[in-house]
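K.L.:
Chains L and D supply the protein sequences, listed in that same order. The first sequence begins at 504 in our numbering and counts up one residue at a time. The second sequence begins at 504 in our numbering and counts up one residue at a time.
Simulated from the structure, these hints should not be mistaken for laboratory data. Positions of the beta carbon are idealized from the N, C-alpha and C atoms, including for glycine. The reader is advised that the hints may include incorrect statements.
Selected chain D positions facing chain L (Cβ under 7 Å, derived; list incomplete) [claimed, not checked]:
{"no.": "1", "residue": "Ser539"}
{"no.": "2", "residue": "Val540"}
{"no.": "3", "residue": "Asp731"}
{"no.": "4", "residue": "Lys798"}
The calculated label-pair distances, taken between Cβ atoms and stated as ranges, are [what the hints assert, rightly or not]:
{"no.": "5", "chain 1": "D", "residue 1": "Lys505", "chain 2": "L", "residue 2": "Asp846", "range": "53 to 61 Å"}
{"no.": "6", "chain 1": "D", "residue 1": "Asp959", "chain 2": "L", "residue 2": "Gly568", "range": "23 to 31 Å"}
{"no.": "7", "chain 1": "L", "residue 1": "Asp846", "chain 2": "D", "residue 2": "Tyr532", "range": "57 to 65 Å"}
There are 2 protein chains.
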Amino acid sequence: MKNAVGREIPEYIEGYGKVRPFMGAFANYGVRERASVRLRSVKPGEQKLLASIDEVVDKVNLKDGMTVSFHHHLRNGDYVLNLVMAAIAKRGLKDIHVAATGIFPIHEPLVEYMKKGIVTGISVNYISPGPVAKAITQGYLKNPARFMSHGGRPRAIESGDLHIDVAFIAAPEADAYGNINGVNGPAACGTLSYAIADSIYADKVVAVTDNLSPYPACPIDITQDFVDYVVVVDSIGDPNGIVSGTTKVTKDPVGLRIAKIAAQAIDAAGYIKNEMSFQTGAGGTSLAVAAEVRKIMKEKGVVGSFAAGGVTGYIVDMLNDGLFRNIFDVQCFDLKAVASYRDNPRHQAMSGSLYGNPHDKGAIVNNLDVMILGATEIDLDFNVNVVTGSDGTIMGASGGHNDTAAGAKLAMVVTNLTKGRLPVVKEKVTTVTTPGETIDVLVTERGIAVNPRRQDIQEKLVAAGLPVKSIEELKETAEKMTGKPEPIEFTDKIVAVVEYRDGTVIDVVRQPK
Amino acid sequence: MKNAVGREIPEYIEGYGKVRPFMGAFANYGVRERASVRLRSVKPGEQKLLASIDEVVDKVNLKDGMTVSFHHHLRNGDYVLNLVMAAIAKRGLKDIHVAATGIFPIHEPLVEYMKKGIVTGISVNYISPGPVAKAITQGYLKNPARFMSHGGRPRAIESGDLHIDVAFIAAPEADAYGNINGVNGPAACGTLSYAIADSIYADKVVAVTDNLSPYPACPIDITQDFVDYVVVVDSIGDPNGIVSGTTKVTKDPVGLRIAKIAAQAIDAAGYIKNEMSFQTGAGGTSLAVAAEVRKIMKEKGVVGSFAAGGVTGYIVDMLNDGLFRNIFDVQCFDLKAVASYRDNPRHQAMSGSLYGNPHDKGAIVNNLDVMILGATEIDLDFNVNVVTGSDGTIMGASGGHNDTAAGAKLAMVVTNLTKGRLPVVKEKVTTVTTPGETIDVLVTERGIAVNPRRQDIQEKLVAAGLPVKSIEELKETAEKMTGKPEPIEFTDKIVAVVEYRDGTVIDVVRQPK
Chain L
504 MKNAVGREIP
514 EYIEGYGKVR
524 PFMGAFANYG
534 VRERASVRLR
544 SVKPGEQKLL
554 ASIDEVVDKV
564 NLKDGMTVSF
574 HHHLRNGDYV
584 LNLVMAAIAK
594 RGLKDIHVAA
604 TGIFPIHEPL
614 VEYMKKGIVT
624 GISVNYISPG
634 PVAKAITQGY
644 LKNPARFMSH
654 GGRPRAIESG
664 DLHIDVAFIA
674 APEADAYGNI
684 NGVNGPAACG
694 TLSYAIADSI
704 YADKVVAVTD
714 NLSPYPACPI
724 DITQDFVDYV
734 VVVDSIGDPN
744 GIVSGTTKVT
754 KDPVGLRIAK
764 IAAQAIDAAG
774 YIKNEMSFQT
784 GAGGTSLAVA
794 AEVRKIMKEK
804 GVVGSFAAGG
814 VTGYIVDMLN
824 DGLFRNIFDV
834 QCFDLKAVAS
844 YRDNPRHQAM
854 SGSLYGNPHD
864 KGAIVNNLDV
874 MILGATEIDL
884 DFNVNVVTGS
894 DGTIMGASGG
904 HNDTAAGAKL
914 AMVVTNLTKG
924 RLPVVKEKVT
934 TVTTPGETID
944 VLVTERGIAV
954 NPRRQDIQEK
964 LVAAGLPVKS
974 IEELKETAEK
984 MTGKPEPIEF
994 TDKIVAVVEY
1004 RDGTVIDVVR
1014 QPK
Chain D
504 MKNAVGREIP
514 EYIEGYGKVR
524 PFMGAFANYG
534 VRERASVRLR
544 SVKPGEQKLL
554 ASIDEVVDKV
564 NLKDGMTVSF
574 HHHLRNGDYV
584 LNLVMAAIAK
594 RGLKDIHVAA
604 TGIFPIHEPL
614 VEYMKKGIVT
624 GISVNYISPG
634 PVAKAITQGY
644 LKNPARFMSH
654 GGRPRAIESG
664 DLHIDVAFIA
674 APEADAYGNI
684 NGVNGPAACG
694 TLSYAIADSI
704 YADKVVAVTD
714 NLSPYPACPI
724 DITQDFVDYV
734 VVVDSIGDPN
744 GIVSGTTKVT
754 KDPVGLRIAK
764 IAAQAIDAAG
774 YIKNEMSFQT
784 GAGGTSLAVA
794 AEVRKIMKEK
804 GVVGSFAAGG
814 VTGYIVDMLN
824 DGLFRNIFDV
834 QCFDLKAVAS
844 YRDNPRHQAM
854 SGSLYGNPHD
864 KGAIVNNLDV
874 MILGATEIDL
884 DFNVNVVTGS
894 DGTIMGASGG
904 HNDTAAGAKL
914 AMVVTNLTKG
924 RLPVVKEKVT
934 TVTTPGETID
944 VLVTERGIAV
954 NPRRQDIQEK
964 LVAAGLPVKS
974 IEELKETAEK
984 MTGKPEPIEF
994 TDKIVAVVEY
1004 RDGTVIDVVR
1014 QPK
């Protein structure tokens, strides 16, 4: 069957199940249900502290076929997933489904577990280019990987679509009764937002810490009433890997030019004004847009309501400069953000669900004015791909891409027009992550394309003398520079299913030939 | 049938339903389930702000027989319950069940609604002596009132035992999209802890505010993803009524003497030491115990882990003096507590569930060392009554009484031996609120009685030369002073059902003759 972005999708996918096709970004609202939760109540006097991960695996009664979950605030410094999976592998367990919010190169041991059938399923909302992504592309995982968004994952957990048997929560600070925070300790990472749904809905919740504090470990991000067990390990993560790699404004002149045009476009479209809200990623060009927006905000004396997102020190500076009243933080990208979250009550955590879940009573993304997005590819319908690279290899997952695009009044993609000698604008993207109906503007160094749905913006940008072109023109310009790329060829094997934030299937990834 | 505290309870109570008899304070643990929740998801662009309570009543589709809920952080200053119930009464709705966390004299209009059949059910965990309590005693409510504890109510809500159709949340500060806090505005009341379960589990959640702020209203106690509608009214409460009446150390010499003995007993029993945790109520004698404990802590140089409870400025001072590292706060009793909660991250809110729910993964009460409790009556089995007065009139409900008693290592009742020329120690209490198995020590001005289950404490107090007597001796002493009181006579009509924190029925209140 064809879904609403024109993708041919099977009705049933082996190892995934029945497919609910994507019907449109706003087609799937209405009455929803949060699932019931089973838990074992804890009597006064009972203890929760266990001696080792091995004891945990016993206590939680881990079995073949179960789903274990992890959060990725420790990013490429995370030791917890590997520690737990090593203990599981040692037991000879099979057919484990790893539901991780993010997977990084450090998680390479998963590749071996995939080959051995220890891990047969992976659900993930962010994945870095690296060995695991490559192994999924190559078909080593028995079942197709399930790619979600940051809001789609808590939606799936809360609705019961994704049932977690045991959640393992990397805890930079914990006490022996399960109060947890992310702001203190050698592996401090800031908010623990992606782990919130896991802590509420998993059958069993285990805090894994290297920093056991006297009771109560305050401030508390996850409270004891949601935690079954606590275990202490030598180290939960490497601070060098916890800080995200790309949290500085770019110095590349092309990136800077794109950022300048982007900020001018945001201003011309009327979004730089008091009470504005803003989110950008941690990439160099995205931060360069923030730098340009900051300049204009200062010139105009604008005070915004909030900045959201994965938060860098750069955004913290904007808060401290009075350019925003508040920050909503789902993930701290650097130690300045961690400290700000710890010390400044105007820097608030938001759970993954509060951030982007389409099926709650209104996520923060619904209140976003301006969202700056990246893209691996974008097509003539403004559909965006952030999942697969030009050779069909898996390079990422939605993260908050399709959540914020759906919510923001101005969802703006900023990208070089060509990357690695290939055009970014294509007739059809290899994989749809984010539907074009939720993308308003594309900004490149060679011009701006406005989604025809947004004539209002088109008119304002033209009036402001900005270099507005059609997206077809940008595609031609790109192809003149690079030539028309050869289409990638794929086998029939589906290696990943790309879910839209509402749980419908927006695309599948097939194994490249 | 007889329950585990020897009370004769019907198997079925008209207007209440099938009775689960109390089986013992720790009989009812194990695997439990949190109920599923239905909600209407909110699309980007939808608004939540409504113009009036009347519009709210329309929007939430309020009907005969529904359950509406309220929280009592505004105490005897609360206007919200009355505003909402007046709108409901105006509609001619019938058979409404009011599930309020607390009822105060200001809620007197409920009496008229009870008489008219507009309100036919009341569930409550705290009730002040006053017109509503009296009217329930007199049998004006069609169905028996359901008395719960502060932990029992969220347990009931989470398990589905108590289903709320519409929760009305008095919000000292809110934004138009439903983010709420209790720390800013003319009716600032501090934490909103008792309303947390309502906000998560009610079918519809309405924030009622007199202080609408620009988005986002930070800090946030209840986030927008749990709120359906926001409505602005002129005033949600009278600040004079919000501050609790009794938040000063007593000046009564008998109370002071009791406090001194109590503190000596706590010390002799070995509970004044580093890492100790402590909770006391806001009454004059309870605070006097805190004052004496504080002295000993200072003398000994003790640093406790946390103080919990309804919090007064007095407890805040102990935090600021370094006597405790943290506060867990379910209710701020005065403005000093409100300011401390707002400004000091070591002063943490706890939901009602985190505070005392026996069926979660470990409530804060489980970590309490010392709990100072009041009593209307206590009997030879150490069962405590805080529900009915000496004439059978309803005077209160458990509040946190039976939650903290069950959790604390040392649950100590402090009381004058006689009150209003009646003995406090009786053969059998009129109504059991808290089972004797969870009460360790009774302290009066005429001596201390230790529960025979706690020989360890008995020995320590005797060794310390404290005036330890048997509870029978204290009863005789009291009766010598007052004479033996005439038994109260009751009709067969059950006017209230007293639930233990686990939802079993520990007693019923019958209408006095």
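K.L.:
Each hint needs a verdict: does it hold in this structure or not?
P.N.:
To see whether the hints hold, each was checked on the structure:
no.: 1; hint: Ser539; result: 4 Å, holds
no.: 2; hint: Val540; result: 4 Å, holds
no.: 3; hint: Asp731; result: 6 Å, holds
no.: 4; hint: Lys798; result: 24 Å, violated
no.: 5; hint: D:Lys505 with L:Asp846: 53 to 61 Å; result: 57 Å, holds
no.: 6; hint: D:Asp959 with L:Gly568: 23 to 31 Å; result: 48 Å, violated
no.: 7; hint: L:Asp846 with D:Tyr532: 57 to 65 Å; result: 39 Å, violated
Checked against the numbered hints above, the structure violates hints 4, 6, 7; every other hint is satisfied.
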